[in-house]
Structures are given as structure tokens and as C-alpha cells.
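Here's the letter readout for the chains.
Protein chains: 4
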Amino acid sequence: MDLYKFKLDFKVRDYECDLQGVVNNSVYQNYLEHTRHEFLKSVGIDFAGLAERKINLVVIRAELDYKFPLKSGDEFWVGLNFERISEIRFAFFQDIFRKPDSKPVLKAKVTGTSLNERGRPFLPKIIEELLAPGD
Amino acid sequence: MDLYKFKLDFKVRDYECDLQGVVNNSVYQNYLEHTRHEFLKSVGIDFAGLAERKINLVVIRAELDYKFPLKSGDEFWVGLNFERISEIRFAFFQDIFRKPDSKPVLKAKVTGTSLNERGRPFLPKIIEELLAPGD
Amino acid sequence: MDLYKFKLDFKVRDYECDLQGVVNNSVYQNYLEHTRHEFLKSVGIDFAGLAERKINLVVIRAELDYKFPLKSGDEFWVGLNFERISEIRFAFFQDIFRKPDSKPVLKAKVTGTSLNERGRPFLPKIIEELLAPGD
Amino acid sequence: MDLYKFKLDFKVRDYECDLQGVVNNSVYQNYLEHTRHEFLKSVGIDFAGLAERKINLVVIRAELDYKFPLKSGDEFWVGLNFERISEIRFAFFQDIFRKPDSKPVLKAKVTGTSLNERGRPFLPKIIEELLAPGD
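Protein chains in written order, with this note's numbering: chain D, 1 to 135; chain X, 136 to 270; chain R, 271 to 405; chain V, 406 to 540.
Don't read these hints as lab results, they were simulated from the structure.
Just to be clear, a hint being listed does not mean it is correct.
To be verified - In silico PhoX-like cross-links for lysine-lysine, where the CA-CA straight-line distance does not exceed 25 Å:
#1 V:K416 - D:K71
#2 V:K512 - D:K7
#3 V:K412 - V:K512
#4 V:K504 - D:K7
#5 V:K410 - V:K514
#6 X:K142 - D:K67
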């Protein structure tokens with residue numbers, strides 16, 4: 001049984017590394033975001049399309065535990081789980097592992113909500129369905 | 136009395152905004168990092184110089200509460216406090232406020248440590264002094 | 271007499287440096303873009319505002335001569351000139367100099383045009399005026 | 406017969422898009438750099454490893470023709486050719502095409518050289534061999 005609902009493979013790109021010779025801390029948020037958006041696309045939710053219609057999925061809190069740094073040439077994958085945590089909030093649990101040794105790289109919890117054109121919390125039906133129990 | 140030990144002024148740059156028309160979530164970590172490094176420089180600690188000598192200040196945990204998004208043209212400032220939280224760990228408390236209305240934008244706690252060439256926790260004397268009580 | 275119509279001051283941020291310990295090549299385009307947008311703002315043209323109205327100023331060619339790399343801690347400025355080079359095209363000439371020794375860092379020519387909602391070349395009146403002879 | 410010595414597949418990530426809703430101009434240099442480094446790795450040249458030994462492959466000129474913008478969700482590939490253009494300079498010719506329709510996105514020529522620890526032009530033997538006629 002798989003521990004993650006969604007996984008995505010990556011490879012470090014040299015421009016993502018900083019003067020310490022490792023991937024810069026902020027770049028992990030790029031990896032996490034891209035994984036969330038690819039996951040959403042895989043279940044029929046288009047982040048960019050929603051944004052064009054002024055429905056914005058937004059992050060309200062990110063907790064990132066940096067376990068081990070990625071370096072030039074490293075391959076890795078991001079695993080993703082999620083759950084509804086309130087009427088209008090959902091949480092993504094995202095972990096990064098280096099390949100091929102599965103060394104834990106980062107552990108994150110990213111809490112989000114969805115806002116309508118007036119900036120009010122609003123879950124589109126497609127997200128309601130995604131978060132429904134039993135899914 | 137000032138609430139922050141260090142402050143730095145910024146202005147949003149358009150390339151930092153994403154397709155939602157606001158500053159991308161990951162970019163706030165850039166703002167926070169730059170503020171920490173400028174603070175360190177102001178007390179005589181050169182992040183890049185330490186890295187060259189293989190002493191690496193590293194983030195081990197970041198908690199970011201996104202309160203309100205910055206947009207194209209926005210000016211803002213980052214306030215910074217810090218404290219030693221264990222023998223070898225220190226925490227930065229960093230808040231972002233939009234100008235001129237002081238609207239809270241982001242509230243963060245960034246926990247770090249310092250590693251020597253072999254990747255072992257190691258606080259250089261200059262950081263010991265910075266973290267000493269009474270400072 | 272000043273050689274540039276517009277100038278903007280910057281300071282290198284450590285996250286902009288890559289594993290060679292210098293500012294990554296792509297980041298200079300960020301500096302150049304931010305300078306162009308600040309220049310445009312200074313003459314009353316809001317890049318983001320135009321984009322919202324689906325009028326997009328776009329780069330069609332960039333030529334960048336890298337003279338000397340910027341490093342952590344470097345301060346520098348970008349000088350900007352521009353001219354209309356055809357009915358619908360304009361060119362920005364942008365040079366970067368390190369401070370305080372004025373060492374040439376980068377010399378660039380960035381050619382652009384403006385597109386309307388249907389992607390057709392279209393110069394808004396405010397840009398026509400900017401590019402008018404004698405300006 | 407293949408027109409390119411090396412090809413690499415990519416997919417646009419949403420954080421690479423700016424407030425115009427398309428990939429930011431500077432990001433194409435990231436794509437081009439990553440392709441060059443992957444190509445070099447494929448022929449046994451490790452960019453990061455060289456940098457650690459203070460041998461730095463550097464870009465001295467970049468010419469980028471922007472033909473058509475990439476957007477959220479687009480897949481594309483970068484084709485690469487190169488040739489020696491002087492005793493100590495080499496040029497990469499890199500073209501980007503959208504998938505699956507092969508629409509031309511960007512055409513670039515990136516001129517580089519290699520510097521030793523003292524910043525003097527110096528081609529390591531492995532690069533000499535790469536650039537040798539008949540290769």
C-alpha cells in the first residue's frame with residue numbers, strides 16, 4: 001500500500017543551488033508548489049485556470065522541516081497527502097526523499113484555503129468533492 | 136522603544152509576482168533570508184565568508200504564516216528578532232509589514248543552527264557572542 | 271550631463287548567488303527587468319496595470335554581455351537608455367556597474383514591443399508619447 | 406538525422422510564470438543553463454565539480470530571441486548544439502520548442518569560456534576534447 005496519494009520525481013538544477021553549494025531553502029517551496037499543482041491537475045483541478053477566473057487557492061501557513069540538503073545532481077521525489085481540516089481549510093502533507101537511498105530531505109505541512117474574487121474564503125465544488133470523506 | 140532588533144526596507148519587484156498577480160509564496164523566504172544576512176552583516180557576521188570557510192549557517196525549520204499578499208508596486212519592511220533556544224540552536228522571529236499602512240503581511244519563525252566542515256553542529260565564537268544573554 | 275535617462279541602485283542578495291559563488295546569469299535579467307519597470311513607473315507607465323488590461327509589454331530579443339561577475343555583498347547600479355527602433359519596436363540599453371569602483375559588470379540591449387489582447391503589436395498612447403522624438 | 410546533439414524535456418512550473426501569466430523572460434536562461442549542464446554531464450563534464458576545483462565555466466554573452474511565450478501547463482524541449490569559436494571560446498546554440506506542436510519558443514546563442522582559479526581563460530583537457538574537430 002502506498003503511503004502517499006501522489007508522487008512526483010524531480011532532479012536538482014544547478015541554478016537552484018546557492019553559495020553554500022546546496023539547494024536554497026526557498027526553492028523547496030517551489031518543489032512543493034509544483035507537486036501540489038501537478039496533483040491538483042491529476043484530479044482535474046487547474047490552478048492557473050482557477051486564478052484566471054479569480055478563484056485563488058492560497059497558502060495560509062507553511063511549516064517546513066529541513067532534514068538534509070539536496071545538492072547538484074541529486075534526484076529526488078516529493079510525496080503528497082492531504083486532508084480537510086476545517087470547513088474552508090485543507091492541509092497538504094508533503095515529504096521529500098532523495099533517490100535512490102530514500103534519505104529524508106524535507107517534511108512539510110502546508111495549509112491552504114480558497115478565496116473568491118472578493119478575497120472571501122470559498123471552496124469551489126471541484127475542491128469540495130476532492131476533500132469529501134472517503135476520497 | 137523599538138520592537139525589532141533589526142529592520143530592512145524592500146520593494147516588490149514584478150518578477151517576484153506569479154500568475155495570481157501577487158508575490159509567490161516562496162519569495163517571502165528570499166526576503167527573510169536577505170534580512171537575516173543583512174542583520175548578521177550588521178553585527179559583523181559574514182554569511183558568505185563563513186560558507187567559504189565551510190562553516191554553514193543552516194535553517195532547520197521554518198514556520199510561515201501568510202497574512203496578506205504583497206502585490207506589484209508594494210513597499211514593505213521586515214522586522215527581525217532572535218534568541219538562542221538551545222545549546223546549538225537559535226530562532227529568528229521575522230515579521231513583514233506593508234508600507235505605509237503597516238498591514239501585517241507575514242509572520243515567521245525560522246530556526247537555525249551552524250554546522251562545521253564535517254556537518255556537525257558548531258557555533259563559531261562570533262555567533263556565541265551574538266547569542267549571549269544580555270545582548 | 272548624465273549618460274543615462276534613468277538609474278537604479280541595487281545590492282546583491284545571497285540567494286541570487288549560485289554554486290560558483292557569484293550572481294547567477296539569469297538573475298541579471300531580473301535586475302534589468304526591475305529597472306525597466308521602475309523607469310516606466312517614473313514616467314507614468316504601470317507595467318502590471320497594463321498587463322491587467324491585457325496590454326503586454328514584451329521582450330522580443332535580449333543581448334547580454336557579461337563583463338564581470340557580481341558577488342555576495344556587492345552594491346551596484348543599473349543605467350538605462352532607450353529609443354524607438356521601428357514603428358512598433360523599442361530598445362532599452364542597460365548597463366550595470368559595480369559600486370563604488372564603477373567596474374563594468376554587464377552591458378545589455380533589450381528589444382521590446384507591446385501587444386494587445388489578441389497578441390497583435392500595439393503601442394498604447396502613453397508609450398507612443400514616451401518614444402516621441404525630442405523626448 | 407537529428408538536428409541537435411542533445412535534447413532535454415521540460416514542463417512549465419507555475420511558479421515560473423509571472424503576472425503576465427507566461428513564463429518570465431529570465432526563466433528561459435534557467436532552462437538553457439540546466440540543459441547545458443545536463444549535456445555536459447552526458448559527456449562526462451561535471452559543472453559543479455569543476456566549480457569546486459575553482460575551474461569555472463562562464464557565460465560571456467547571451468543572445469535570446471523570444472518567439473512565443475510558454476504558459477502554465479506547457480511541455481517543451483530544448484535542443485542544443487555547440488562549436489568552438491576561438492582558442493578559448495565556445496558557443497552553444499539552443500532552441501526551445503513547445504510540445505506537441507513544435508512551435509518555436511526561443512532561439513539562443515550562448516557564448517562561454519572557462520576560467521581558472523586566477524580568473525584567466527583556461528580550457529580543461531576534458532573540454533578541449535569535447536571541442537576537438539570531428540567530435
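Verification of the hints:
1. V:K416 - D:K71: Given that 25 Å is the threshold and the Cα spacing comes to 21 Å, the pair holds.
2. V:K512 - D:K7: At roughly 33 Å apart (the allowed maximum being 25 Å), D:K7 and V:K512 break the hint.
3. V:K412 - V:K512: Holds. V:K412 to V:K512 sits at ~14 Å (cutoff 25 Å).
4. V:K504 - D:K7: 23 Å, holds
5. V:K410 - V:K514: 15 Å, holds
6. X:K142 - D:K67: Violated - the C-alpha atoms of D:K67 and X:K142 are around 29 Å apart, more than 25 Å.
When each numbered hint is compared with the structure, violations occur for hints 2 and 6.
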